[in-house]
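There are 2 protein chains.
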Amino acid sequence: MRIGIDVMGGDHAPEAVVQGVMLAYGELAKGSRMVLFGDKEKTLAIMAQAGFDAAQVDIVHTTQTIEMGDHPAKTFQQKPDSSIAVGFRTLAKKEIDGFASAGSTGAMLVGAMYTVKPVEGVVRPCIPTFIPQTNGKLALLVDAGLNADCKPEMLYQFAMLGSIYAKNMLGIDAPRVALLCNGEEDEKGNMLTLAAHGLMKNSRDFSFVGNIEGNKIYFGTIADVIVCDGFVGNIVLKQAEAMYMIAHAQGVKNEFFDRFNYELYGGTPVIGVNSTVVIGHGHSSTQAIKVMILQTESLIKAQLAEKFKLALNNNANA
Amino acid sequence: MRIGIDVMGGDHAPEAVVQGVMLAYGELAKGSRMVLFGDKEKTLAIMAQAGFDAAQVDIVHTTQTIEMGDHPAKTFQQKPDSSIAVGFRTLAKKEIDGFASAGSTGAMLVGAMYTVKPVEGVVRPCIPTFIPQTNGKLALLVDAGLNADCKPEMLYQFAMLGSIYAKNMLGIDAPRVALLCNGEEDEKGNMLTLAAHGLMKNSRDFSFVGNIEGNKIYFGTIADVIVCDGFVGNIVLKQAEAMYMIAHAQGVKNEFFDRFNYELYGGTPVIGVNSTVVIGHGHSSTQAIKVMILQTESLIKAQLAEKFKLALNNNANA
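Those protein sequence lines, which keep their order, are chains A and B. Residue numbering for the first sequence follows this note's numbering, beginning at 1 and increasing consecutively. Residue numbering for the second sequence follows this note's numbering, beginning at 1001 and increasing consecutively.
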């Protein structure tokens, strides 16, 4: 397995990324090899300083870097030799099996959508995120922010993709899927969720348990996969982030709130596309980069794209 | 001033409500008199047991109670002598100046919409809620749940109503109004917020400061009034409730998290209607009922409906 990593992405690149690479090296499986995209000279210098043998990884030298101000859609043409553009071209040629970056989210999404492309039958790819539960487990929130405007069919597919993701990445056999809503009764909702609820009810593609309210999403009692549009998902996720920041800033010592630390979870995969694409947090530290790389390895191993294809072909409601 | 109170509403009615009434009695202004709607015999018995002089309040005897299973829209016809139906008829006749209940939210909304009715020009009334800020102040979230599906014009009006509410109830001279969004940049949003943003930008009806993300709503640094549709508002509010419950359950001692306790804030007013209507939490304790009554007094005093009318007549963007 070949894991592609953008060395130039993130606020603390390339130092934090290369250090994360060196940290991940010892924890990857024997058959996993990292392929780094970025400034070769700088990368080698950081490795030399740490006494790391650069022959343990491949380095693809690139000369351009996508900056935060760059337009995501245009940047692949404007900066064809950027680490992200070269990474995606290599991924599309299947010379690497997955690609991870803590750089421009916009450019990563453009790469996922237009270079790797959605799995046939997927209306819109989405991004899942883990949310800690008070019972010690994790639940999945999907879509956590990719699609601000959704149609009911999209929420239905997020439920399918999320269910497969939870089964493979969280080891839950038949994940309970719930629809995030302003009331638990079937007749509660906005026009979008009411229509989505109608599609999901009696679904044979996943195990639908009904609506879930915002005050129940952290307790693990109702659902393993929580489905919402990306606008709502973004706000839920950011609000949880705020609570973590507040607990941290106010010196609250609590194991549950500590579990909202994004460094524990690596990056956010884009699911529903034909390969493994992982977007790391812009502020990623060395530790976060390491987790992102290990997560990319697990995702590649899980062969999710193949499983999505299979599920869409068998789509009971199609 | 005459403050109407539904004695039969809430999980712990009538005991908790009558006890809340007796507790509020000493804190109300001299000119304020409470008018109770409900079972007179039971009310008098609770007062007698506490040694409270029942002549300090008016009691309107009613014979029916709206239950949680009753259909809100039909219940006014089916139970014309329920405490909520009689309360609203009395309010419409202006024999009381405001009406508060911890009973059926649905019936209270129906009463507000069809008996008291929206202020002329208001597309849809809404419910604001306070959210604690780490700087010790409060911000307003509006709509906190009344309107699951909104149009851009509705969000614009929520901003107007919320701005007036914050000015009068929080004493903020020119409240900073922000639109809850999945990104702070002007071009971020879903179709609804993008259109609303366009209307709000350059508004002369309130002081618009742009978009606010979900991780910024607790810090007081950006906005005093946070506008969203009622679906999103409900989820934000419930999620904050979950965080309070978790902090509480896990024995976290922290002043900020403690401020999410709904008992501190009384009920939720329905704003944009022609009178003062306050909906208390179903679980309301004696303490919560007391705060709800004092809040109703403040709201009546603030004459918000008159101020809304004036603002709508002067609506700069109309």
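Hints are computed from structural coordinates only; laboratory data are not their basis. Backbone N, C-alpha and C fix where the C-beta goes; we use that ideal spot for every residue, glycine too. Some hints could be false.
One side of the interface only, derived from the structure: several residues of chain A facing chain B at Cβ under 7 Å [unchecked claim]:
1. Phe52
2. Asp149
3. Asn190
4. Val209
5. Glu213
6. Gly214
7. Ile222
8. Phe231
9. Lys238
10. Gln239
11. Ala242
12. Met243
13. His248
14. Gln250
Hint check results:
1. Phe52: violated (36 Å)
2. Asp149: A/Asp149 check passes; min Cβ-Cβ to chain B is 5 Å, inside 7 Å.
3. Asn190: Holds - the Cβ of A/Asn190 comes within 7 Å of chain B, reaching about 4 Å at its closest.
4. Val209: With a closest approach of 17 Å, the A/Val209 hint is violated.
5. Glu213: holds (5 Å)
6. Gly214: This hint holds: A/Gly214 lies near chain B, its Cβ roughly 3 Å from the closest one there, short of 7 Å.
7. Ile222: violated (12 Å)
8. Phe231: Given a least distance of 4 Å, the restraint on A/Phe231 holds.
9. Lys238: holds (3 Å)
10. Gln239: Holds - the Cβ of A/Gln239 comes within 7 Å of chain B, reaching about 4 Å at its closest.
11. Ala242: holds (4 Å)
12. Met243: holds (5 Å)
13. His248: violated (12 Å)
14. Gln250: holds (6 Å)
Violated hints for the displayed structure, listed by number in ascending order: 1, 4, 7, 13.
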